[in-house]
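The lines below spell out each chain.
Protein chains: 2
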Amino acid sequence: MSDGTALTGETIPGTVLSIDAMGGDRGPSVVVDGMANASAKNPDLRFIVHGDRPELERQIDRKRGLLAKCEIRHADSVVRMDEKPSHVLRHGKSTSMWSTIEAVRSGEAQVAISCGNTGALMLMSMTRLRKIEGVNRPAIACLWPSRNPSGFNVMLDVGADIRADAEDLLQYALMGASYARNGMDLARPRVGLLNVGTEEHKGRAEIKVAADLIGRVAPAADFDFVGFVEGVDLPSDKVDVIVTDGFTGNVALKTGEGTAKMISERMREAFKHTPLSRIAALLAYTSLRRLSKSIDPRRVNGGVFLGLNGTVVKSHGASDATGVAAAIKLSARLSASDFTKRLAARIAQAEHAAAAAMQTDADKGAAE
Amino acid sequence: MSDGTALTGETIPGTVLSIDAMGGDRGPSVVVDGMANASAKNPDLRFIVHGDRPELERQIDRKRGLLAKCEIRHADSVVRMDEKPSHVLRHGKSTSMWSTIEAVRSGEAQVAISCGNTGALMLMSMTRLRKIEGVNRPAIACLWPSRNPSGFNVMLDVGADIRADAEDLLQYALMGASYARNGMDLARPRVGLLNVGTEEHKGRAEIKVAADLIGRVAPAADFDFVGFVEGVDLPSDKVDVIVTDGFTGNVALKTGEGTAKMISERMREAFKHTPLSRIAALLAYTSLRRLSKSIDPRRVNGGVFLGLNGTVVKSHGASDATGVAAAIKLSARLSASDFTKRLAARIAQAEHAAAAAMQTDADKGAAE
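Taken in order, these protein sequences are the chains called A and B.
Number 309 in the numbering used here belongs to position 147 of the first sequence; there are no gaps in the numbering.
Number 369 in the numbering used here belongs to position 207 of the second sequence; there are no gaps in the numbering.
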């Protein structure tokens, strides 16, 4: 707060975002570019930016009017992509990531954003912000391009934890429904459970138990449970929230990304193939741009950590400025809806319903 | 064999395929269409066709010259898509699926093909054909469009079994490498293990153990182990064979399918959007057709059951004639390379290497 870039804090209207400028694959310049883009569209946004001060000052100063909206907080070191989360937690106090989370913890900022090491960010967020009462495993939710009116579905967990038992899956359903309600304006989200088939007898034991639990809690928790969905339904309009464990969700997310990328490449090749197809590409330029935008993973950049006392948005490690701007936009929207508090209230309310459902199970089990 | 459609059997050169004409979503007519397509390109193929005789005779008789290449075997009933595999196994002797597998069991046909209920087909195949000595869990392998010269990668298991421990994953690596070697002419396939990250410390415990086992067996088993791969690598040219459990593999397969389908739809919409883009679509017609063919899931139709005494090819339930023809072509190729026997030999050979590796583990564990 020493160099004229200080933020006047509580008195400024609008949202304050805490941004880790260092952790991404492409360095701080794309983060600053993304901040500038987002700031141009949403002039009320304020930023606390964490990282190497001289570098950040140079970068931010290049963008007209941005410096006045930023407070720069110097951090000596950076969490590397290949560092073990547990190691980062022990030795990471001087990192830009730590500092980014602290600004949310202290209440100075409403949302933390980082392009850095996902595992470290999750572990640090869990340790510093702590889990919401009643949540066993936090989850990362992503937006998935779909045929729904909003253009997206929510999927969780996409990588916070590689395990999830039936109760965790129930909590993911509650958290995902709350996210869809507050972040996407869906009064009564439809929740589906990812499985290898839609028939009742299919899938792992914990998934069958989870289906039963979620179905029983749904009415009281104001969402509709549509039962099992398959991989092919992820982009469909059958469902708004897709619940799965973090291993499966992460593989599905990256598979969708890889498939879309390969098809885009082949499309570009196809249009270079003959002189006629080159002319075609020119004629269809605007249509193709629209298509490419609608399947662009950068547009849906931003995994949201759910289940913590504070909102943390993980931007893709390889994000460019467009991706960072998307993550900032998402963060601003979540901050405006104050959804962390609403989610906590939902979890508390649903806990009773779930406990009752599981007690019934236990009683039945004992009677059998 | 009563009605002039009899096959003269051993004296005819070429491959005899046993085809379940009944189990698919679209009924026997698409199966017969697919047989006709495949037969036109490969006139040496002979078929034993199972299902409702009057219906099949009528359908096959419509195709010039096809009846002479077919033997029709009547079956009273059909396995439904929603039937439980265990129920089918107990009551399924009169079904076309059962009859289809019996023709391979008896040695009359080399490969069985069905578009029916996957779980029932797998359980019936396992029970009737039995597992190869040394194989604990058979697997279903699929071909995945990729940037490799062949245009495909192999992924397994995509749904034979929802569980897989470290030893199962090792066997999948051996079976997948053998499939790539015999079915795709790759002398030294590159095998990768699907995980949520490529760093060594990531993933479930059984996956880390499997990575160690596969790495140690690879040199003796004539494949290269490239370590962990992620969802985004499935269509890449980093790897030829992707090993995973059947739950994850099935979700990934269907996610890729769903993503490709959504993008194709949006592409069609984009080209209808303006008069200019409609003209563009005409100009780029051949390029777009080539693109659409290269990402068409029907072209890679045919999951191969690996690890059984006999080859079974599962065609997609919603296959059209193009899809059925692709499954028949794949079956003919597998029959020609006689790969079930080669695979059995590989498993037997590698079993010793694996046992040695695991013994070393046990010794180390005891010493620690």
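Any given hint could be a false lead.
You can't tell identical chains apart in this list, so a pair holds if it fits in one copy or across any two.
[Stated by the list, open to error] Within a straight-line C-alpha distance of at most 20 angstroms, the following computed EDC-like cross-link-like pairs (lysine to aspartate or glutamate) qualify:
hint, residue 1, residue 2
1, K293, D327
2, K246, E361
3, K503, E217
4, K203, E419
5, K293, E362
6, K364, D244
7, K246, D327
8, K491, D244
9, K255, D482
10, K255, D500
11, K423, D399
12, K293, D323
13, K400, E427
14, K400, D238
15, K503, E270
16, K364, D323
17, K364, D374
18, K364, E245
19, K293, D195
20, K503, D347
Don't read these hints as lab results, they were simulated from the structure.
A quick note: this is a predicted structure, and the numbers were derived from the prediction, not measured.
Right, here's what the structure says about each hint:
For the homomeric pair K293 and D327, the shortest alpha-carbon distance inside one copy (17 angstroms) is at most 20 angstroms, but the shortest distance between copies (32 angstroms) is not. Taking the shortest alpha-carbon separations for K246 and E361, only the inter-copy value of 9 angstroms comes in at or below 20 angstroms, while the best intra-copy value is 40 angstroms. For the identical chains of this complex, K503 and E217 are neighbours neither inside a copy (36 angstroms) nor across copies (63 angstroms), given an alpha-carbon limit of 20 angstroms. Taking the closest pair of Cα atoms, K203 and E419 never come within 20 angstroms of each other, the shortest separation being 27 angstroms inside a single copy and 36 angstroms across copies.
In this homomeric assembly, K293 and E362 never come within 20 angstroms of each other (Cα to Cα): the closest approach is 33 angstroms inside a single copy and 28 angstroms across copies. In the homo-oligomer, the alpha carbons of K364 and D244 lie at most 20 angstroms apart only across protomers (10 angstroms), although the nearest pairing inside one protomer, at 37 angstroms, exceeds that limit. Neither within a single protomer nor between protomers do K246 and D327 lie at most 20 angstroms apart by alpha-carbon distance, with minima of 24 angstroms and 25 angstroms respectively. Taking the shortest Cα distances, K491 and D244 never come within 20 angstroms of each other, neither inside one copy (28 angstroms) nor across copies (45 angstroms).
Taking the shortest Cα distances, K255 and D482 never come within 20 angstroms of each other, neither inside one copy (27 angstroms) nor across copies (59 angstroms). In this assembly of identical chains, K255 and D500 lie within 20 angstroms of each other by CA distance neither inside one copy nor across copies; the values are 28 angstroms within and 61 angstroms between. Taking the shortest Cα distances, K423 and D399 sit within 20 angstroms of each other only across copies (13 angstroms), while inside one copy they are farther apart (22 angstroms). For the identical chains of this complex, K293 and D323 are intra-copy neighbours only, at 14 angstroms inside a copy versus 35 angstroms across copies, given an alpha-carbon limit of 20 angstroms.
Taking CA atoms no more than 20 angstroms apart as the test, K400 paired with E427 passes between copies only; the shortest distance there is 17 angstroms, against 29 angstroms inside one copy. For a Cα distance limit of 20 angstroms, the shortest separation of K400 from D238 qualifies neither inside one copy, at 48 angstroms, nor across copies, at 36 angstroms. In this assembly of identical chains, K503 and E270 lie within 20 angstroms of each other by CA distance solely inside one copy; the values are 16 angstroms within and 68 angstroms between copies. In the homo-oligomer, the alpha carbons of K364 and D323 lie at most 20 angstroms apart only across protomers (11 angstroms), although the nearest pairing inside one protomer, at 23 angstroms, exceeds that limit.
Taking CA atoms no more than 20 angstroms apart as the test, K364 paired with D374 passes inside one copy only; the shortest distance there is 13 angstroms, against 31 angstroms between copies. With identical chains, the CA atoms of K364 and E245 are at most 20 angstroms apart between copies only, with a shortest distance of 11 angstroms across copies and 38 angstroms within one. Proximity of K293 and D195 under a CA criterion of 20 angstroms is satisfied in neither setting, with 32 angstroms inside one chain copy and 58 angstroms between copies. Taking CA atoms no more than 20 angstroms apart as the test, K503 paired with D347 passes inside one copy only; the shortest distance there is 16 angstroms, against 58 angstroms between copies.
The structure shown violates the earlier hints numbered 3, 4, 5, 7, 8, 9, 10, 14, 19.
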